[in-house]
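A.B. asks: Spelled out, the chains give:
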Amino acid sequence: MATANPTMFQASDLNQHNERVQRRYQLLFGLMTLLLITPVLLILGTLVVKGGGAISWEFLLTAPTDGMRTGGVFPALLGTIWLVTVALLLSVPIGVFAAIYLSEYAGDNWFTRMINLAIINLAGVPSIVHALFGLGAFVLFFRFGTSILAASLTLAVMTMPVVIVATRESLQAVPQAFREACWNMGATRWQTIRRVVLPNSITGILTGVILEVSRTAGETAPIMFTGAVFFTPFLPQSVFDQTMALSLHLFVAATQVPGMAEEIPFGVALVLIALVLTMNSVSIAFRMWLRGKKKW
Amino acid sequence: MNTDQTAVLPQPTPQYAIDSQGLNLWYGAFQALYEVDLRIRQGMITSMIGPSGCGKSTFLRSVNRINERLGYVRIEGSIHVLGENIYDPQVELVQVRKQVGMVFQRPNPLPVSVRDNILFSHRLHAKGGGDVHQGTPDEIVEQSLRQVLLWDKVKDQLKRKATELSLEEQQKLCIARLLPVKPKMLLMDEPCSALDPKGTEAVEELLWELRGQYTILIVTHNMAQARRASEECVFMLMGKVVEHSRTDELFVTPAHRETADYIEGRYG
Chain U
6 MATANPTMFQ ASDLNQHNER VQRRYQLLFG LMTLLLITPV LLILGTLVVK GGGAISWEFL
66 LTAPTDGMRT GGVFPALLGT IWLVTVALLL SVPIGVFAAI YLSEYAGDNW FTRMINLAII
126 NLAGVPSIVH ALFGLGAFVL FFRFGTSILA ASLTLAVMTM PVVIVATRES LQAVPQAFRE
186 ACWNMGATRW QTIRRVVLPN SITGILTGVI LEVSRTAGET APIMFTGAVF FTPFLPQSVF
246 DQTMALSLHL FVAATQVPGM AEEIPFGVAL VLIALVLTMN SVSIAFRMWL RGKKKW
Chain P
45 MNTDQTAVLP QPTPQYAIDS QGLNLWYGAF QALYEVDLRI RQGMITSMIG PSGCGKSTFL
105 RSVNRINERL GYVRIEGSIH VLGENIYDPQ VELVQVRKQV GMVFQRPNPL PVSVRDNILF
165 SHRLHAKGGG DVHQGTPDEI VEQSLRQVLL WDKVKDQLKR KATELSLEEQ QKLCIARLLP
225 VKPKMLLMDE PCSALDPKGT EAVEELLWEL RGQYTILIVT HNMAQARRAS EECVFMLMGK
285 VVEHSRTDEL FVTPAHRETA DYIEGRYG
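Heads up: the protein sequence lines correspond to chains U and P, in order.
Note that the first sequence covers residues 6 to 301 in our numbering.
Note that the second sequence covers residues 45 to 312 in our numbering.
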């Protein structure tokens, strides 16, 4: 219309009010995000500044000497790699397969709902409880003694719920229409899972594994009673040996040794974080490789 | 009756592709089909029309037994497909799904390449030595795509993810991927309702192309489509078959009052 009201498209009081409210919330959310990342950056920064000086090839590749006041962290680094690897080998297959059963095969009834509830609750059990369970079950009852096997089993039991929940969620994110399309062509459940469901959820499953790696490498309580020792002059030869571990080594270096140079515990923490990041980037690289292949 | 798959004795060609007798179907306590007796001729396109909830999709889904997946479905009566009762206890569902292909309202290609979509079903069924296309994978892909008039458009993008194609192309692909396992029959549940008029026209053109080779049963909400694209037409109402005759007869001289009212748009 030629005689249109010139103020028709101007902001009304209500528009301006709404815009102000929206900006306020945007600011709130932004601040919270900032608040969230500040401690992370501070921690990483402190570690690098205070512990960076301790890092050297010698620090990484030699054993501690003089009651841990000098020397390196090699046995603890190796021990943590052992513990995480064995724990992953035990918990990932069981966790992923159980999640596939719960998500793709089990019907939705009170029994499976109870199992799901139990799994979620298990994820919330404090790690010291798992430690005592591991001591009673694996060290004493199954007579594995304090060993990598007992410690890794304890870690595996502790982190399994995380794997199951992450796997189940990524399986359920695959649209039901894909499954039905397969079934309608005469595919069995397993063929559907193998060819369509898993390839489309593998990324999410690997994310769960990454979370598990971080948690497993950092835990101290569950391995203290079951397989990790403050100090041993021997490197582990098999899963039935005891071992040192970075997390426990950090605890000891920071609290139990008088006259410890300040940079050593910070250096140990830095090595632990770097190890977790390295292991995670391996699975991230694997994830990208899978995506590149597109089939699996 | 003999449903043993190894018995390949020549049988007299049954007159009807689908022959349902006294078919009653309940979803829980709700009865969706009442004593449906339908005989669908071989090699023809038969359309099913009727208002929403009249049971036409339910009937379609009973012909390859995907209704049962819901768990609370109860069925009485029988459906013979090419002379064999598919509700016989010895029937293997995987074979039913192979012989009776289904196309859905929303195109549902798998999230893999165009080529892998075509070969998916073939890979499932070829190993057992069933009656499937015997060509090389490349031949199968080309012939199936040619049959659905899609080859020229996608021949250079066979590696592309099928879910990135246009809806019309996706729907044609969903038809094409059924063909390598040589189904006896194609069921289509409103295959054009997610497509624009041009896509609809293209799929209808394709139906005429496939006519004769396959028996096609198509459910549609679109009466113009039923009229254009089918040779026989079934009108259903409240779970019962009201009328089944040649499409031109049904639309020009309907035998029942309800049919006339529906096709003239007085309800629906």
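Honestly, the hints are just simulated from the structure, not real lab data.
Ideal placement from N, C-alpha and C gives every residue a C-beta, glycine not left out.
Careful, some of the hints might be misleading.
Covered by chain U, per the in silico footprint, the following chain P stretches (three or more residues, Cβ under 8 Å) [to be verified]:
id	region
1	107-117
2	163-171
Simulated coverage check for chain P against chain U, where a stretch passes if three residues somewhere in it have a Cβ under 8 Å from a Cβ of chain U [claimed, not checked]:
id	region
3	141-147
4	178-185
Distance windows between CB atoms, simulated [claimed, not checked]:
id	chain 1	residue 1	chain 2	residue 2	range
5	U	23	P	187	55 to 65 Å
6	U	25	P	238	41 to 51 Å
7	U	288	P	150	28 to 38 Å
8	P	211	U	177	20 to 30 Å
9	U	286	P	167	52 to 62 Å
10	U	17	P	296	24 to 34 Å
A.B. asks: The structure should be examined with respect to each hint, and the outcome stated for every one.
C.D. replies: Hints and how they fare:
1. 107-117: holds (count 3)
2. 163-171: Answer holds; 4 residues pass the 8 Å Cβ test.
3. 141-147: With 4 residues close enough to chain U, the hint holds.
4. 178-185: violated (count 0)
5. U/23 - P/187: 55 to 65 Å: 60 Å, holds
6. U/25 - P/238: 41 to 51 Å: 42 Å, holds
7. U/288 - P/150: 28 to 38 Å: 35 Å, holds
8. P/211 - U/177: 20 to 30 Å: 26 Å, holds
9. U/286 - P/167: 52 to 62 Å: 35 Å, violated
10. U/17 - P/296: 24 to 34 Å: Taking Cβ atoms as reference, residue 17 of chain U and residue 296 of chain P lie about 59 Å apart, which means the hint is violated.
In this structure, the hints that do not hold are numbers 4, 9 and 10, in rising order.
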